[in-house]
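Enquirer: Sequence:
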Amino acid sequence: MATTPSNMMPLGTMAPSFTLPDVVTGKSVSLPDLKSPVATLIMFICNHCPYVKQVQSELIKLAKDYQAKGVSMIAINANDAVNYPDDAPAKMKEVALQLGYPFPYLYDETQAVAKAYQAACTPDFYIFDGNLKCVYRGQLDEARPNNAIPVTGKDIRAALDSVLAGQPVNSEQKPSIGCNIKWKL
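Numbering-wise, this note's numbering comes out as the position in the sequence shown, counting from 1, plus 21.
Because the hints were derived from the structure by calculation, they are not lab data.
Worth double-checking, as some hints may not be accurate.
Calculated lysine-lysine pairs in the DSS-like style (CA-CA distance at most 25 Å, straight line) [stated by the list, open to error]: (1) Lys90 - Lys154; (2) Lys114 - Lys82; (3) Lys136 - Lys195; (4) Lys56 - Lys175; (5) Lys82 - Lys56; (6) Lys114 - Lys56; (7) Lys175 - Lys154; (8) Lys74 - Lys85; (9) Lys114 - Lys74; (10) Lys205 - Lys154; (11) Lys154 - Lys114; (12) Lys112 - Lys74; (13) Lys136 - Lys154; (14) Lys112 - Lys48; (15) Lys205 - Lys112; (16) Lys154 - Lys112; (17) Lys90 - Lys175; (18) Lys175 - Lys74; (19) Lys74 - Lys205; (20) Lys195 - Lys114; (21) Lys85 - Lys175; (22) Lys205 - Lys82; (23) Lys205 - Lys48; (24) Lys195 - Lys154; (25) Lys136 - Lys48; (26) Lys112 - Lys90; (27) Lys114 - Lys85; (28) Lys136 - Lys114; (29) Lys74 - Lys154; (30) Lys48 - Lys114; (31) Lys56 - Lys85; (32) Lys205 - Lys56; (33) Lys154 - Lys85; (34) Lys175 - Lys82; (35) Lys205 - Lys175; (36) Lys136 - Lys56; (37) Lys136 - Lys205; (38) Lys112 - Lys136.
All chains, please: the whole structure from these sequences, using the hints.
Expert: Here it is as structure tokens:
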């Protein structure tokens with residue numbers, strides 16, 4: 022596990038479109054199908070990373086708090102499932118059902134979507150406004166597996182609250198830190 026920071030996509034970048042399979046439903050879905058006219062949170066996560074495991078319950082809380090306000094949440098796993106079988110679609114479905122993910126969990130087998138988003142780590146977070154322009158990219162909060170800071174989602178929550186209030190999101194944003202995406206060789 023190499024600890025890796027976000028690449029920090031430039032603010033204002035348009036969300037790259039995609040069509041990916043939802044591991045729970047087995048259906049292909051696209052960004053236009055899933056986006057919100059308010060805000061869309063795209064998360065690159067996986068099953069085995071300790072940084073992701075630490076925040077899974079907060080991601081569910083975020084969904085419960087913000088989906089009712091019109092925010093769309095989309096989770097994408099782009100890890101190489103051949104070399105990391107815990108991240109294979111069947112295991113993704115298992116985790117999504119076990120934890121009760123209230124958002125789609127998509128599999129980026131070709132890794133083209135992760136590359137288009139400049140994703141570098143799991144977890145890696147991006148918030149897009151109603152026009153699909155990037156207004157936030159970075160960390161969920163300051164919590165990490167080896168520090169004593171509680172997981173609160175404060176950075177993502179502050180950004181979403183700004184978008185919902187029609188206010189600009191603070192441009193001082195800290196990169197997420199996590200396991201590197203497991204790129205295919």
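Enquirer: Now look at each hint and say whether the structure bears it out.
Expert: So, going through the hints one by one against the coordinates:
Our distance criterion of 25 Å between C-alpha atoms is met by Lys90 and Lys154, whose separation comes to about 19 Å. Taking the CA atoms of Lys114 and Lys82, the gap is near 19 Å; set against the 25 Å cutoff, the hint holds. Note on Lys136 and Lys195: the hinted pairing holds, with a Cα-Cα distance of about 20 Å set against a maximum of 25 Å. Of the supplied pair hints, the one linking Lys56 and Lys175 holds, its CA atoms being roughly 22 Å apart against a limit of 25 Å.
With a C-alpha separation of about 19 Å, the suggested pairing of Lys82 with Lys56 holds against the 25 Å cut-off. For a cut-off of 25 Å, the pair hint linking Lys114 to Lys56 stands: about 21 Å separates their Cα positions. Taking the CA atoms of Lys175 and Lys154, the gap is near 21 Å; set against the 25 Å cutoff, the hint holds. With a CA separation close to 18 Å, the supplied pair Lys74 and Lys85 stays within the 25 Å bound.
Restraint check: the Cα-Cα separation between Lys114 and Lys74 comes to about 15 Å, which is no more than 25 Å; the hinted pair holds. At most 25 Å may separate the alpha-carbon atoms for a hinted pair to count; Lys205 and Lys154 exceed this at roughly 29 Å. With a CA separation close to 29 Å, the supplied pair Lys154 and Lys114 exceeds the 25 Å bound. Note on Lys112 and Lys74: the hinted pairing holds, with a Cα-Cα distance of about 14 Å set against a maximum of 25 Å.
Restraint check for Lys136 and Lys154: satisfied, since their Cα atoms lie roughly 17 Å apart, inside the 25 Å limit. Straight-line distance between C-alpha atoms of Lys112 and Lys48 comes to about 16 Å, which keeps the hinted pair within the 25 Å bound. Pair hint Lys205 plus Lys112 holds up; C-alpha atoms about 18 Å apart against a cutoff of 25 Å. For the hint pairing Lys154 with Lys112, the CA-to-CA distance comes to about 32 Å; that exceeds 25 Å, so the pair is violated.
Taking the CA atoms of Lys90 and Lys175, the gap is about 17 Å. The hint holds against a cut of 25 Å. Between the alpha carbons of Lys175 and Lys74 the distance comes to roughly 17 Å, so the proposed pair stays at or under 25 Å and holds. In summary, the hint linking Lys74 to Lys205 is supported, as the alpha carbons are separated by about 22 Å, within the 25 Å threshold. Pair hint Lys195 plus Lys114 does not hold up; C-alpha atoms about 30 Å apart against a cutoff of 25 Å.
A distance of roughly 15 Å separates the Cα atoms of Lys85 and Lys175; the hinted pair therefore holds under the 25 Å criterion. Simply put, Lys205 and Lys82 have alpha-carbon atoms about 32 Å apart, too far for the 25 Å limit, and the pair is violated. For the proposed pair Lys205 and Lys48, the alpha carbon gap of about 24 Å is at most 25 Å, so the pair holds. Restraint check for Lys195 and Lys154: satisfied, since their Cα atoms lie roughly 18 Å apart, inside the 25 Å limit.
A threshold of 25 Å between alpha carbons decides the hint, and for Lys136 with Lys48 the separation of about 22 Å falls inside it, so the pair holds. For the given pair, Lys112 sits about 30 Å from Lys90 by alpha-carbon distance, which is inconsistent with the 25 Å threshold. Under the criterion of a C-alpha separation no larger than 25 Å, the hint pairing Lys114 with Lys85 is consistent with the structure, at around 20 Å. For a cut-off of 25 Å, the pair hint linking Lys136 to Lys114 stands: about 23 Å separates their Cα positions.
Simply put, Lys74 and Lys154 have alpha-carbon atoms about 28 Å apart, too far for the 25 Å limit, and the pair is violated. In summary, the hint linking Lys48 to Lys114 is supported, as the alpha carbons are separated by about 12 Å, within the 25 Å threshold. For the suggested pair Lys56 and Lys85, the alpha carbons sit about 17 Å apart, so the restraint of at most 25 Å is met. Between Lys205 and Lys56 the CA atoms are separated by roughly 28 Å; this puts the pair beyond 25 Å, and the hint is violated.
Simply put, Lys154 and Lys85 have alpha-carbon atoms about 23 Å apart, close enough for the 25 Å limit, and the pair holds. Restraint check for Lys175 and Lys82: the C-alpha separation of about 12 Å stays at or below 25 Å, so the hint holds. Distance check on the hinted pair: Lys205 and Lys175 sit about 33 Å apart at the alpha-carbon level, beyond 25 Å; violated. Our distance criterion of 25 Å between C-alpha atoms is met by Lys136 and Lys56, whose separation comes to about 19 Å.
For the given pair, Lys136 sits about 12 Å from Lys205 by alpha-carbon distance, which is consistent with the 25 Å threshold. This hinted pair checks out: Lys112 and Lys136 have alpha carbons roughly 23 Å apart, not beyond 25 Å.
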